[in-house]
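Here the working numbering is used: the first residue of the sequence shown is 1, the next is one more, and so on.
Mixed in with the good hints, there may be bad ones.
[What the hints assert, rightly or not] Okay, derived cross-link-like pairs now, PhoX-like style, lysine-lysine, Cα gap no bigger than 20 Å in a straight line:
| no. | residue 1 | residue 2 |
| --- | --- | --- |
| 1 | K283 | K321 |
| 2 | K25 | K196 |
| 3 | K282 | K42 |
| 4 | K336 | K230 |
| 5 | K42 | K120 |
| 6 | K196 | K368 |
| 7 | K321 | K232 |
| 8 | K164 | K196 |
| 9 | K240 | K128 |
| 10 | K180 | K366 |
| 11 | K240 | K120 |
| 12 | K230 | K283 |
| 13 | K180 | K368 |
| 14 | K342 | K232 |
| 15 | K337 | K230 |
| 16 | K236 | K337 |
| 17 | K173 | K36 |
| 18 | K211 | K368 |
| 19 | K180 | K196 |
| 20 | K230 | K120 |
[What the hints assert, rightly or not] FRET-style restraints, in silico, Cβ to Cβ:
| no. | residue 1 | residue 2 | range |
| --- | --- | --- | --- |
| 21 | F301 | P60 | 28 to 34 Å |
| 22 | D182 | A323 | 53 to 59 Å |
| 23 | N26 | P102 | 45 to 51 Å |
Hints in this document: simulated from the structure, not taken from any laboratory. Note that the structure is a prediction, hence the values are computed from the model and not measured. Ideal placement from N, C-alpha and C gives every residue a C-beta, glycine not left out.
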Amino acid sequence: MNRYDYIIIGGGIVGLSTGHKLLEKNPNLKILIIEKENDVSKHQTGNNSGVIHSGIYYKPGSLKALNCRRGYRYLIEFCDKNNIPYEICGKIIVATEEKELPKLQDIYERGIQNGLTGLKILRSEEIKDYEPYCTGIKAINVPQAGIVDFKLVSDKIAVQIQNKGSYIHFREKVTEIKEKTDYAEVITNKEVYQAKAVISCAGLESDRIAKMTHRNLNIRIVPFRGEYYKIKEERKHLIKNLIYPVPDPQFPFLGVHFTRRIEGIYEAGPNAVFAFAREGYKKSDINIKDLYESMMWTGFFKIAFKYWKIGLGEFYRSYSKSAFVRALQRLVPEIKKDDLEKGGAGVRAQACDNKGNLADDFLIVKGKRVIHICNAPSPAATSSFSIGETIAGEIFNR
1 MNRYDYIIIG GGIVGLSTGH KLLEKNPNLK ILIIEKENDV SKHQTGNNSG VIHSGIYYKP
61 GSLKALNCRR GYRYLIEFCD KNNIPYEICG KIIVATEEKE LPKLQDIYER GIQNGLTGLK
121 ILRSEEIKDY EPYCTGIKAI NVPQAGIVDF KLVSDKIAVQ IQNKGSYIHF REKVTEIKEK
181 TDYAEVITNK EVYQAKAVIS CAGLESDRIA KMTHRNLNIR IVPFRGEYYK IKEERKHLIK
241 NLIYPVPDPQ FPFLGVHFTR RIEGIYEAGP NAVFAFAREG YKKSDINIKD LYESMMWTGF
301 FKIAFKYWKI GLGEFYRSYS KSAFVRALQR LVPEIKKDDL EKGGAGVRAQ ACDNKGNLAD
361 DFLIVKGKRV IHICNAPSPA ATSSFSIGET IAGEIFNR
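Please work from the sequences and hints to get the whole structure.
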């Protein structure tokens with residue numbers, strides 16, 4: 001029998017940060033991280049946009065707001081301490097229609113309530129001072145936003161965890177969890193382990209892992225693929241930093257936007273289209289089990305009914321580059337179809353309840369010996385050290 005102090009399921013940045021914070025509190029712990037892939041951060045962490053989020057969007061007092069602001073500080077400190085390149089470049093959120101102005105004002109006020117400083121409302125002509133090729137009627141300048149390679153952050157955390165005598169097992173998949181009186185038992189396709197407690201940070205598989213101990217869990221992960229285009233080298237001058245639209249208040253995604261990555265790549269996207277596989281990074285990716293589970297979930301058709309119009313638009317933009325470009329031209333009119341080439345994609349693990357509500361906040365489900373992080377989409381990467389600290393505090397206070 002393999003015994004550890006704590007077992008973490010999932011080697012993305014949230015799982016790794018949780019291990020990091022546990023060891024920070026007690027360096028003598030023996031921790032095991034179980035990862036089904038051959039490396040850390042192969043899914044959501046490794047395929048996100050690389051944006052360090054400021055916390056401006058989130059409802060004051062929510063887990064997203066609290067953890068994003070605190071996690072932001074921890075992330076910057078970690079990067080500084082470990083010589084990981086990042087840049088606080090700022091971003092603008094741009095209203096292009098009069099009807100978006102109340103939402104823009106609401107975002108500004110949320111930012112103030114969440115503790116952001118230096119926010120500035122920009123008049124139409126002032127937008128050009130920040131993004132010369134961007135057009136809008138009003139915008140917010142958010143100086144705290146930045147960029148980093150979260151895979152580099154994850155790699156550094158992984159090395160530090162192993163250097164402290166803890167373990168990361170790759171190519172190992174959890175098949176069962178049993179909560180006992182004094183310990184938890186984790187069964188994988190290779191071994192059986194025991195630990196004082198188990199923390200699941202399983203991302204796209206989080207609901208399946210959670211149902212191992214919470215049979216009546218009323219949420220399901222619905223995968224949404226986000227597709228990107230790269231901006232060609234000769235057209236990069238159209239974008240300086242990060243340009244975001246005012247998000248649609250009816251849809252829990254930020255809309256297609258422009259980003260600059262720390263390695264010098266400029267991107268446009270992502271959209272948010274229902275994926276036919278939880279790891280469906282290509283349009284052609286179909287997993288029958290994943291698709292069946294999504295389609296048979298009682299909440300799925302309620303989502304489809306609620307968001308059918310927006311969903312059709314996202315599908316259309318997924319298959320029509322021209323439609324995708326038209327959405328981008330609302331922000332930067334000079335961007336053209338020929339300026340873009342196919343980029344990568346990520347899949348967002350979005351929790352949905354059986355009433356068709358998409359979870360708008362981080363969701364943590366607690367058991368006697370197991371803690372499940374069941375909804376941790378954006379800004380989870382920025383928030384990861386704070387989420388890890390929260391979980392570590394919960395563990396040590398039991």
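| Holds or violated: are the alpha carbons of K336 and K230 at most 20 Å from each other? | holds, 12 Å
| Is the hinted range of 28 to 34 Å satisfied by the C-beta distance from F301 to P60? | Once the Cβ atoms are compared, 33 Å apart, the range 28 to 34 Å for P60 and F301 holds.
| message | Check whether the Cα positions of K211 and K368 lie no farther apart than 20 Å. | response | Holds. K211 to K368 sits at ~14 Å (cutoff 20 Å).
| said: Just to be careful, I want the Cα atoms of K25 and K196 compared with a cutoff of 20 Å; is the pair within it? | reply: With a Cα-Cα distance of about 16 Å, the restraint between K25 and K196 holds, given a limit of 20 Å.
| query | Within a Cα-Cα threshold of 20 Å, do K173 and K36 meet the stated pairing? | reply | holds, 5 Å
| Are K283 and K321 close enough, with their CA atoms no more than 20 Å apart? | At roughly 14 Å apart (the allowed maximum being 20 Å), K321 and K283 satisfy the hint.
| Quick one, are K180 and K368 close enough, alpha carbons at most 20 Å? | holds, 9 Å
| Holds or violated: are the alpha carbons of K164 and K196 at most 20 Å from each other? | At roughly 19 Å apart (the allowed maximum being 20 Å), K196 and K164 satisfy the hint.
| message | Need the status of pair K282, K42: alpha-carbon distance at most 20 Å? | response | Given pair K282, K42 holds - Cα atoms ~15 Å apart, limit 20 Å.
| query | Holds or violated: K342 with K232, Cα cutoff 20 Å? | reply | Judged against 20 Å, a Cα distance of about 10 Å means the pair holds.
| Quick one, are K240 and K128 close enough, alpha carbons at most 20 Å? | holds, 11 Å
| query | Straight-line Cα separation of K196 and K368 no greater than 20 Å? | reply | holds, 10 Å
Going through the hint list in order, the structure does not satisfy hints 5, 20.
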